[in-house]
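Trainee: Chains as they are written, first to last, in numbering that gives the first Met the number 0: chain A, 0 to 173; chain B, 0 to 629; chain C, 0 to 101.
Simulated from the structure, these hints should not be mistaken for laboratory data. For glycine and all other residues, C-beta sits at the position ideal for the given N, C-alpha and C. Relax, there's no trap hidden among the hints.
Capping the alpha-carbon separation at 30 Å, the derived lysine-lysine pairs in DSS-like fashion look like this:
1. C:LYS27 to B:LYS601
2. B:LYS444 to B:LYS531
3. B:LYS444 to B:LYS540
4. B:LYS27 to B:LYS161
5. B:LYS446 to B:LYS366
6. B:LYS24 to B:LYS161
7. B:LYS161 to B:LYS446
8. C:LYS27 to C:LYS94
9. C:LYS27 to B:LYS602
10. C:LYS89 to B:LYS601
11. B:LYS372 to B:LYS532
12. B:LYS446 to B:LYS531
13. B:LYS578 to B:LYS161
14. B:LYS601 to C:LYS94
15. B:LYS531 to B:LYS366
16. B:LYS161 to B:LYS23
17. B:LYS602 to C:LYS94
18. B:LYS602 to C:LYS89
If the Cβ cut is set under 8 Å, some of the chain C residues that face chain B in the computed set are:
19. LEU20
20. VAL23
21. VAL24
22. THR93
23. LEU96
With the C-beta cut set under 10 Å, the calculated list includes, among others, these residues of chain A facing chain B:
24. LEU98
25. ALA99
26. ILE101
27. LEU102
28. GLU105
29. LEU106
30. TYR108
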Amino acid sequence: MLIVFYLAAIVAIISTLFAVTRSNAVHALLYLIVSFLAVAVVFFILGAHFVAALEVIVYAGAIIVLFVFVVMMLNVGAETEKSNDRWLSIKSWGGPAILAFILFAELAYVIFTKESIQTDESIVAPKQVGISLFTTYMLGIEIAAVMLMAGIIGAYHLAQIKKVNRHRFLGGEE
Amino acid sequence: MINYLWLVPVLPLLGFLILTFWGKKMSKKTIPFVGAGSVGLAALLTIIIGVQFLLSPPEGNFFNQKLWTWMSVGGMSPSIAFHLDALSLVFIFVITFVGFLIHVYSSEYMLGDEGFARFMSFMNLFVSSMLILILADNLALMYLGWEGVGLCSFLLIGFWYKDSANAAAARKAFIVTRIGDTAMALGLFMLIVNFNTLNIQEILHTAPSQWSVGSSTAVWVAFLLLGGAVGKSAQLPLQTWLPDAMAGPSPVSALIHAATMVTAGVYLIARNHVLFELAPIAMHAIAIIGAATLLMAGFAAVVQSDIKRVLAYSTISQIGYMFLALGLGAWAAGIFHFMIHAFFKALLFLGAGAVIHALHHEQNMFKMGGLRKELPIVFWTFLAGSAALAALPLVTAGFYSKDAILWYAWSSVNGNIYLWAASFFGAFITSIYTFRMVFITFWGKMKTHVHTHLGNAMQVPLIILAVLSLLAGFIETPHSLGHITIFADLLSPVLPEVQLNHGGEYTEIILQIVTALTGFIGIFIAWHFWYKKPALVYNFKQTSLGTFLHGFWLRGWDFDRFYDGLFVQPFIRLSQINKDDIVDQLNIGIANLVNWLHNVLKKTQNGNIRWYATGLAIGLILTLTIVLFL
Amino acid sequence: MNTIPIEHALLLAAVLFSIGLIGVVSRKNVILMLLSVEIMLNAAGLAFVVAGSRWIQPDGQVMFIFILSMAAAEVSVGLALILQMFHLNKSVDTKTLGKLCE
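Model the full structure from these sequences, guided by the hints.
Mentor: Right under this line is the structure:
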């Protein structure tokens with residue numbers, strides 16, 4: 000089981016790295032799906048079966064599909080290809096890498112300075128999650144529901160492209 | 000009827016409101032009906048209430064009417080309540096009655112003025128405030144009236160505000176009295192701390208058991224209240240505002256700066272007499288202040304050339320007499336002199352106003368002269384008032400009131416020979432300057448012709464006041480002359496009787512004769528120097544001593560110059576140094592700092608979304624670092 | 000069977016989070032920035048689940064579900080905004096957004 004975990008972890012890291020570095024948006028999205036699937040495996044190993052399923056269905060399924068739709072609609076694959084060269088310069092790459100490394104170092108410091116604990120038999124069944132979700136976190140669920148509703152309405156409203164929809168200060172050509 | 004007591008101050012207040020809101024739309028004929036009518040109704044009501052009060056005195060000889068609780072703060076709840084007893088009855092009678100006469104008078108005097116409605120509304124507001132001051136059941140409400148009359152005084156002195164000198168006089172009056180008011184407010188705070196109430200009757204009841212005679216708290220409170228009284232009543236050392244206050248119209252001088260408001264200090268002391276009795280030092284101080292003031296103002300009055308300034312200094316001097324009486328513990332005598340003084344001084348001011356009116360705003364006495372024939376009614380009434388002021392014996396009311404004070408200065412426990420001598424000499428000077436004024440104004444050659452002839456609205460009040468100035472004295476006469484004590488009996492439930500020390504009936508008679516004679520001598524001197532041989536005075540004025548004394552007294556003993564050098568100039572210099580306000584620099588510094596930070600932070604808002612993301616990341620790292628390592 | 004060291008699982012979350020951060024800060028394409036944000040959210044969710052399985056409590060998974068729904072709402076709104084942005088600027092490059100500042 001340990002080996003599966005480490006394998007999944009390595010796959011997740013590598014595919015995420017690729018997802019972030021690809022210049023072609025569609026490629027990046029495909030790598031991201033792999034990353035999410037790998038994380039789903041990690042969830043499964045950790046005993047969170049329900050969440051593993053959600054990861055596959057919602058993240059790797061629904062959300063990525065949304066991304067793909069948008070990329071397809073806008074047809075920006077070619078354009079991102081062109082900006083490839085500029086993006087790989089050390090100037091735009093170095094700073095974020097340093098920041099991320101510092102953050103990672105701090106997180107690692109936190110993880111390893113605490114005493115080591117082995118996880119043992121720790122399957123948290125979906126039933127438990129459901130009970131907790133609809134008792135203790137009832138309010139949270141309702142708020143999340145409202146938020147999703149707001150998200151749907153907001154997305155519908157914002158995505159509408161009206162005939163004349165230019166900001167008066169932006170000007171520009173139609 | 001006594002239950003309608005609340006209407007007495009409310010009626011003039013209503014008049015004020017009506018005139019303020021609709022005065023501009025009213026015709027000049029209806030304004031006096033509102034202005035004088037409201038005060039007249041109040042006067043009528045006061046007389047009815049007074050008669051009822053005297054015929055069937057309420058239980059405890061006072062009547063208390065609580066309207067509502069004003070506020071309730073920290074266990075102290077002053078109420079809007081009126082307290083009527085003999086003392087306040089005397090005051091509200093004088094205020095409403097004399098006030099009514101002056102309102103009637105001013106309905107003609109001020110008729111031609113464009114601010115007629117404004118004038119009447121301010122006068123009504125003044126009467127209302129003054130009545131609140133007098134009737135107040137607690138010191139907080141009294142303070143409201145106190146400040147109200149101060150405000151009206153300010154408004155009316157500066158009534159002709161287009162002349163900057165008048166506005167300056169108004170400011171001076173307001174600021175100088177403010178000094179006294181501040182002291183009084185401090186005194187009220189001390190009373191609150193000590194008694195947790197401002198109800199006058201409660202304080203007067205509990206004070207003797209709580210404070211011993213001469214205890215430091217009592218002395219402090221007494222002196223602080225005295226400060227307020229001194230400011231309002233224009234006594235030393237805060238007397239400088241009153242002569243300048245003559246910039247206001249003559250009816251204002253008559254009502255506010257002679258008859259009523261300036262005697263508020265007398266009322267304050269008489270009302271809180273228990274507190275002052277607990278502080279004998281304060282009593283002595285009152286007597287000395289009174290004596291010093293009456294002499295000082297008397298000398299100043301002798302050299303004035305403006306007829307109203309003569310009367311102003313005379314007012315200061317006469318209030319000095321009242322203070323002297325209060326300081327001697329002769330409460331009733333002080334109040335009696337207040338009432339008589341209100342009659343004859345209002346009369347004199349109205350008479351002077353009539354002369355000024357007739358001569359088209361000429362106030363300089365030396366440009367008048369010979370008005371005896373031209374203005375007979377004014378002359379005779381003015382003469383009656385002058386006789387009362389100079390305390391001519393037997394026939395004038397002023398004699399009876401002033402003689403009582405002189406007698407107590409001699410004979411009471413607190414009195415001594417020096418106080419008597421001062422008041423005696425003051426009476427002598429009084430008769431000199433009074434008849435100097437009369438001779439210069441009404442005798443001699445006519446120098447300015449009469450422009451306007453006077454109507455009934457101006458002359459009738461003069462006659463009524465003249466009759467009162469002559470006859471009102473008979474309700475209180477000394478031992479030697481019938482010993483009528485109506486007035487003292489009336490006040491006896493409120494104010495304790497004066498304690499006599501020595502002096503028999505013969506001494507009293509001798510003193511009275513001496514006083515009466517000096518009065519006549521004074522008149523003779525005035526006649527001799529200012530009518531018969533004015534050259535003598537003129538020659539004396541040319542000598543260096545004469546020039547110095549004349550200038551010195553003309554400027555009121557140079558108090559103005561002294562205060563100017565001591566307080567005003569240093570203050571102006573300080574404010575010039577601090578023109579840019581040191582405290583402001585701090586605020587400006589904060590503003591500059593914020594501006595600088597704004598400019599710095601503005602640079603971060605460069606529109607580059609990656610820059611923002613980097614900022615977020617740095618913030619995250621910093622937060623984590625702080626949580627982990629610090 | 001489940002003897003996965005908790006540190007290692009959390010380390011995985013940290014690595015994913017850091018990579019996501021690099022993406023957010025360095026990418027110019029708005030779509031990819033949003034994508035990187037998704038990576039970070041996912042990493043945070045992973046940390047929650049790991050903690051939940053450590054204490055054998057459902058709360059970690061509940062939190063993940065909340066993060067999930069939040070991510071879904073955020074993506075829908077974010078993508079709609081990107082559509083509008085593209086419509087206005089004919090580009091998904093973040094530099095074109097700087098116009099707002101001028």
